[in-house]
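Protein chains: 2
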Amino acid sequence: MTRAFNFSAGPAALPEPVLERARDEMLEWGAERASVMEISHRSKSFIALAETAEADVRELMGISADYAVLFLQGGATQHFAQVPLNLASAGQAADYLVTGAWGQKAVSEAAPYVNARVAASTEAGSFTDVPANGSWAVDPAAAYLHYTPNETIHGVEFHQIPDSAEVPLVADFSSTILSRPIDVSRFGVIYAGAQKNIGPSGLVLVIVRRDLLARAGQPKAKVLSYAAQAKEGSMLNTPPTLSWYLAGLVFQWLKAEGGLAAIGERNRIKAETLYAAIDGSGGFYRSPVAPAARSWMNVPFTLKDEALDAAFLKESEAAGLLALKGHRAVGGMRASLYNAMPLTGVQALVDFMADFAGRRG
Amino acid sequence: MTRAFNFSAGPAALPEPVLERARDEMLEWGAERASVMEISHRSKSFIALAETAEADVRELMGISADYAVLFLQGGATQHFAQVPLNLASAGQAADYLVTGAWGQKAVSEAAPYVNARVAASTEAGSFTDVPANGSWAVDPAAAYLHYTPNETIHGVEFHQIPDSAEVPLVADFSSTILSRPIDVSRFGVIYAGAQKNIGPSGLVLVIVRRDLLARAGQPKAKVLSYAAQAKEGSMLNTPPTLSWYLAGLVFQWLKAEGGLAAIGERNRIKAETLYAAIDGSGGFYRSPVAPAARSWMNVPFTLKDEALDAAFLKESEAAGLLALKGHRAVGGMRASLYNAMPLTGVQALVDFMADFAGRRG
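Those sequence lines, one after another, are chains V and R.
1 is the number of the first residue of the first sequence in the working numbering; add one for each residue after it.
362 is the number of the first residue of the second sequence in the working numbering; add one for each residue after it.
Hints were generated in silico from the structure; no laboratory data involved.
Fair warning: there could be bad hints in the mix.
Unchecked claim - Think about it this way: if two alpha-carbon atoms lie no more than 25 Å apart in a straight line, the pair counts; the simulated DSS-like pairs of lysine-lysine are:
#	chain 1	residue 1	chain 2	residue 2
1	V	220	R	466
2	R	466	V	222
3	R	581	R	592
4	R	581	V	220
To be verified - Not the full set, but computed from the structure, chain V residues with beta-carbon under 10 Å of chain R:
#	residue
5	10
6	16
7	22
8	24
9	34
10	38
11	76
12	112
13	193
14	195
15	203
16	219
17	220
18	240
Unchecked claim - Residues from chain V that face chain R, not an exhaustive set, calculated with beta carbons under 8 Å:
#	residue
19	14
20	75
21	322
From the three backbone atoms N, C-alpha and C, an ideal C-beta is built for every residue, glycine too.
So here's chain V without its partners, still in its complex pose (with noise of 0.2 Å):
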C-alpha cells in the first residue's frame, strides 16, 4: 500500500475504512450474492440502506422532521437551477450573496429561471472575504437568499450564518457540509454535490423545509421536483444507488469518530496548524484571505516567488502529498482538508513547507 495523503479539492479523499469496507463487499453484499450496484433500488435490502444513510446523517446533523431528505443527483451545478424551478414563480426576484466563484455560477444557471439580484459581492476585493452581516438588504419579496457558505476556489468561509430577514436562506454547502455542527434550522434549503465531505461524485444532498414543497415553483418535468421526489423518497426515477451506499458508509465512520462535534473539533485544529505555519513562514507562504474568513476546508496559498511553484508540486508529490496545485483563478497552492484528511496530513504537509522554505527560502 502506497496512499499518500491526498488535498484534493473534490473528487477527494475518502476515510480509508468506507473504501477498504467497498472493497470487501464489491462483489458480495451482505446476503444479496451480488454487488450492492446490481440489486434493485426497490429490494427490501437497498430500501433499509437507504433508510438507514437517511437517518444516519439527520442524526449527524439534527436534522427535525420539518425537512425532507432527498439523494439526487446533476451535482450542485444542476440545483444551481433546481432551486429556482422549485422555490420561485417565473421571473420572480432572488437575492444572492456573492463571494466566489461558486456563488458566481449559482446567480448564472439560476438566471434563466428567476431575476437573480447580486445582493452583495466581495469580487472588488478579489473575493478574499466575506461580507459583514447587515451589509445587504434582503427584499421582503425575494423568494429566498442564496449563499454559499464555503467557497471552494477562493478558500473563503462564512464562519457566521448570514441574515436573511423574512426569506428563506438557500446554502450550497457543498465544500463544508458535516465539517462541523450547524443549526440546520435556520436555513430554507441545504444543498451539496457528495464529493467533497460525503462520497463520490454525482450524488447531490438536499435537505428542504417541507412548507418549501408546497411552493409550486415553475413549470417543470416531474423528476426536477423537489416534492415529488421527497413524496417518492428520493426514488422517483432509478437513484445512484452506489453512491448511497458509499455516503452511507460515511455517515457510519462519522459517527463512530463522534459525530459532528468531535469532526469539527479535528478541523479546526487541522486548519489552525495549517494557518500557523503559513503565516509563522516570515512571508514565505501566504494566505490571500483575510483572517476571520479563511476556510477550514480549502486553504489557498502562495509562495513568496512563484518561480518556486514547480519545484514545491514536484517535491511535496514525491513526498506523498497530492493535488496540492491551486486553481487557476487564484494562483499557487491550494490544500484541501476535508474530513477524510487526519491530522498527520496536515502535519506532514506543515513540516514539508518548512523544509521546503529552509532550502529555497
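For chain V, the structure is supplied; the task is to place chain R on it using the hints.
Showing chain R alone in chain V's frame:
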C-alpha cells in the same frame, strides 16, 4: 464466493471481471496512490480514462465523428425532459411511439416543454406488440420522433428501426444499448441510463448528432444543455467519475468478448433458449408478448396458476436464480438477460423451470 445468477431488471448484474478489477483498484488506481473516485476529473489520468471510455464506446457502436458522445447524469428520466429542452422550441410538436410504461413516462416528462403527441400506441393491446412501420404519420414540422427500442417492463422490443420520415429519430436505449450492433447513423439522439448494460445507476450515455446541437431549444441552465456539455467534454460540472470508470471497464470487457457482433449473437441465443423453454412448456409458462416483438433483454412470463408464483420465486432464489419477480404492471415473472448474464445462467434458469413444471404441473 456464492454469487448467484442475477436476473434483475436494473440496477442489473455487471460482468464479474469488471467488479473484480474495481475491487482490486478500490484503494489505489494506477499510479495515483488514491482511488479513482478520489482524484480530480480534470487530472491528466482521469481525462485519459474518460477519453479511452469514449473511444471504446465509439468503436463498439460504430459512432462516427458526426456525433457527440456525452457522459451525463439524471437517469433516462431526466433526459425525457432534456430532449425537448434541447431539441424543440417551447410548445413545438414532437411525436412519440408509445409501446410501454417507459414510453408513457417519456411523454409525461416531456409535456411541460413540448406538444408531445402520441403518433402510435399499443396500449389498447396491453403493450404486447410494437406498431408496424408505416402505421403512424410523423408531422414534418415535429421536432423529432421519439421511441423506446426496448420496454423493460413489458418486454417488447423493436427489432427494426422505425421510420421517422424527415424528422430526427430519438431513442431511449436504456435497456438494450450495446446488446447488438445498431446503425447509429439512423438516429438523431440515442440516450441510455447506465444501470442495465453500461454500469452503475447515476450515469447516462447520450449520443447526439452534432447538427442537432445547433438547435437553440428552450431557455435553460447551461448544465442542462447538450451543446454546452459537448463543448466541455461532459465536464461543464463534475461528472460521476466512479461510474464513468466502471462504464469504461464494461466497454473494455465488451471488446474483449468480441464486440457487439459476438455479444449480439450470444444475446440472441440466450433469448431463444428462454423463449423456447416457455413456448415448449405445454402451457405451464406463457409469454404475453407477440413473437416478433419479444425482447432479447427482458422476458416477462406467467405461470399457468398464479398461486404457484410464490413457490417459484422462493425455490428459484434458493437455487441461485435471483430477482425473477415480475413488475406489478405485468405480474408473473421477468428474467432480464442483459450482457452480463452468461448463457450458463439462462441454462440454469430453463433447467429450474422444467424441474419446477415437472413437480408442480
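Okay, the hints, checked on the actual structure:
1. 220/V x 466/R: The given pair, whose Cα atoms are some 14 Å apart, holds under the 25 Å limit.
2. 466/R x 222/V: holds, 10 Å
3. 581/R x 592/R: Measuring from Cα to Cα gives roughly 16 Å; hence the hint holds.
4. 581/R x 220/V: holds, 11 Å
5. 10: Holds, about 7 Å.
6. 16: holds, 7 Å
7. 22: holds, 6 Å
8. 24: Hint holds; residue 24/V Cβ to chain R Cβ min 8 Å, cut 10 Å.
9. 34: It holds, given that the least Cβ distance between residue 34/V and chain R is near 5 Å, below 10 Å.
10. 38: With Cβ-Cβ at 5 Å, under 10 Å, it holds.
11. 76: holds, 8 Å
12. 112: OK, holds: residue 112/V within 10 Å of chain R, min 5 Å.
13. 193: Holds. Min distance 7 Å.
14. 195: holds, 6 Å
15. 203: For residue 203/V, the interface hint holds, since the closest Cβ of chain R sits about 7 Å away, which is under 10 Å.
16. 219: holds, 5 Å
17. 220: holds, 6 Å
18. 240: holds, 3 Å
19. 14: At 6 Å from the nearest chain R Cβ, residue 14/V passes the 8 Å test, so the hint holds.
20. 75: Holds: closest Cβ of chain R sits about 4 Å from residue 75/V, inside 8 Å.
21. 322: holds, 6 Å
Hint violations for this structure: none, all hints satisfied.
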